[in-house]
Amino acid sequence: MHFQFSTLAFIFILFVIFHICPKKLRSYLLLAGSVLFIYWQGHGFCLFVLLAMTAFTWIMGLLISDADKNKALKIIGGMGVAALALVLFGWKYFPFLGELFHSEKLSGIFKYAAPIGLSFYTFQAISYLADITMGKRKAQKNPFTFALYMAWFPKWISGPIEREQPFSEQIDNCEKAKIFDKERALKALTYLTWGLFMKMVLADRIGGVVDIVFEDPASYGAVTLIFTSILYTMQIYCDFAGYTNIMMGISVMFGIDITQNFKTPYLTENIVEFWRSWHISLSNFLKDYVYITLGGNRKGAVRKIFNVMMVFFVSGIWHGVGVTFIIWGLLHGVFNVLAGYLRKSSAAFLVKGMSGRIVNFLLVSFAWIFFRASSMENATAFVKGMLPFANPAALTEGLKFKEELLLGMGSFEWWLLAICMMALIVMDVIAYRKDTIPPEVIRLDFGLIKRAVFFTVFIIVILIFGKYGSGEEIRSFVYMQF
Amino acid sequence: MRSFIATIISIIVIITAISVSDTILKERSEAGIIQGSALYHQPEDTIDVAMIGSSHVHCGINTACLFNDYGITAYDYSSAEQPLWCSYYYIKEFCKNQNPKVIVLDFFTPAIYQDDYEDKYYFMDDTLYGMKFSMNKLRMMNVALDGNLELIDKYFPAYFGYHDRYSQLKAEDVKEAFEFDYEAFKGYSPRFHNQSFQSPVLRLDEVKAPSDKSVEYLNKIIEYTGGKGIQLYITSIPYAINDGNEVMENEEDLRYNWLEKYVLELQAKGVSHVYYDYTFKHPEDFGIDYEGGSDFSDGSSHLNYYGSTKYTKFLGQDLRRLYGEELLPDHRGDERYASYDRHVLFVKKQVEDEGWEWR
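Line order of the protein sequences matches chains A and B.
So in my numbering, spot 460 of the first sequence is number 460, and the numbers just go up one at a time.
So in my numbering, spot 10 of the second sequence is number 10, and the numbers just go up one at a time.
Rather than coming from a laboratory, the hints here were simulated on the basis of the structure.
Just to be clear, a hint being listed does not mean it is correct.
Derived SDA-like pairs: lysine to any residue, alpha-carbon spacing no greater than 25 Å straight-line [as the list claims (entries may be wrong)]:
#1 Lys26/B <-> Lys400/A
#2 Lys26/B <-> Phe412/A
#3 Lys154/B <-> Lys400/A
#4 Lys402/A <-> Gln168/B
#5 Lys400/A <-> Tyr166/B
#6 Lys175/B <-> Val457/A
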């Protein structure tokens, strides 16, 4: 979803019709709007896959509705979950494995590229069937409500991974939504403004620099590479959290609250807390349907380690195709396991307090290198380059202005980035101390004048300095590849 | 109440900031954007002749010369590679605040570019960004961009296309944004370089129509001007015709042949307000120097200052011959047209600054 006229016009028109149409028809309107949006942005193929999966999951759900009382139905439910998982991971990995093992058969099973959003809505479908199989809930009888849960357009591309029951309960809220609702308007505006600031002013600005360095890490010094890895750490946060805030803002316009996916993750004290604050909907999914299903921490220490590593292995392969994603996932697995042991040791300071925060940030930042790199060679070259003794280039090679540009950006852009980054960090720190997120601080804790100044300044900054429009290559949301 | 006031003040500040940034950041390319923008600053109902077409117009028609020598008030309302379908909407835009007596339409673009021209959207920003938002502009965009939503997103709203120019601006750009005398700018952008070409050779025995879309919009222009009582003077501003460019088909002369025949047929049917000057058939009337290189400025064979003055002196004479002083009065000395006096001084200064001779 890009910041462009047609998308803004679509949302505006849907918003107007939403408030004109009879309240009982609102959910159907939102479903129709979502289907239209998916067809427009993803074309017929994306829509077909999503609808097919929706139909399969809904029918399967009805079939196994009493699974908690019937073992056979449990097995069928399990097979349904397995089928969904096979579609997801098969589509992502069969072509890769086919190339790896030179098997045309394997490559040819899923000839077409995975449709946009497959990873997200498949996990939603799995959570739905798994909950019914485990007897946690009954099937959703209304196919339209279920279809809206699967296809709600703000979360179609990159989540969050919603659970069906709390989402369906939101449908009541959307029917009650009034056009002149000051609180709802304020909430929508706050999330939209903060999200657009993170995405368009920060993430997309940093992205250009990161791309340049990652394309050819051998040309840069160790300090430059370390600096770039930190920049990427901020880029991915601003991109994904920014996107989530934008989608929350859009959803709130229609009276629907979606799950908050990020809670100042870089201020957490250790990797365990990090995963309770980063991509929260995915973490919860992996905890509930992988970790706990495998036995969690109830089967001894060795099994716990295995379960943790499995969770992060799945996380890695879910995020992307390739060895680098697996390495990224396994690194987090190792960090998690170590954090568990360090907490009870004399080195607990490494996973607590300010020192814990610094160590955590550096570990996460290091792991992101593998996430961003285009291949193992690229990742290896980058990591090697970060080691001064292994990098023949001068320490700060590349970190100087050449023809008024530093790593592709002029001095004005760097100053702008620095100031905006400071603003983000200050807001994140304030939010962390209040155990909340920046949009909620702005919405609930800022006084009238402070809020007015915030909106005025940030909207102007977004419109003038945001990375959008035909003058720039619009960078797709980083997570749209999943 | 406090909340309401705070909201209103915020909205006012935001709108003001965006408006000021729009003025500063707006591209002012002389390939069409500034021609488009400056039109809205022209005193109402002061322009008698609208010059419409591609960059050959704002390079090749010297509006200062037209006023200085003939007292004819003209405006080069043109843009790079402007297709006929855009020219149609340009004419409608022009007629919102002006009452032109004559439209001079250069036929270069439909002669050289056909619908399969792969760079047909390349200069769209020059054509679009100068025009104010209106239904007319939306219709033009839809036709020019073939209803392609992806392209419409690229060019609309115009602010999205140039808001990021802040990093390219210098202090003098900001100063110029507020101090530029748009009223005295009449679209003419003189060139001060030299380039030589081979003299044109015409094939007169064959005709080839331009694209169906070009013919459709030519007819719309004819109908619109007829309906408004505006004389339509179609021309081919001198350039290096059939230049041997590998990209183009080099059949412009065949299309001018078609146009000549078409206009004659229209006149025979009583459509008397349309006239076509096939300039390449009487080059001696302009004395354009192709091979010596004194009259052309660049590889696209735009006329330079000397070449444009030569052509314009003929054009002024021809417009007077055809339409007389009744339709195109001599406005020299009339205070209402003081902006044209400033325009002449403005162009004179440009010529002097380049070290060329005022003609």
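Can you list which hints this structure breaks, lowest number first?
-> 1 and 3
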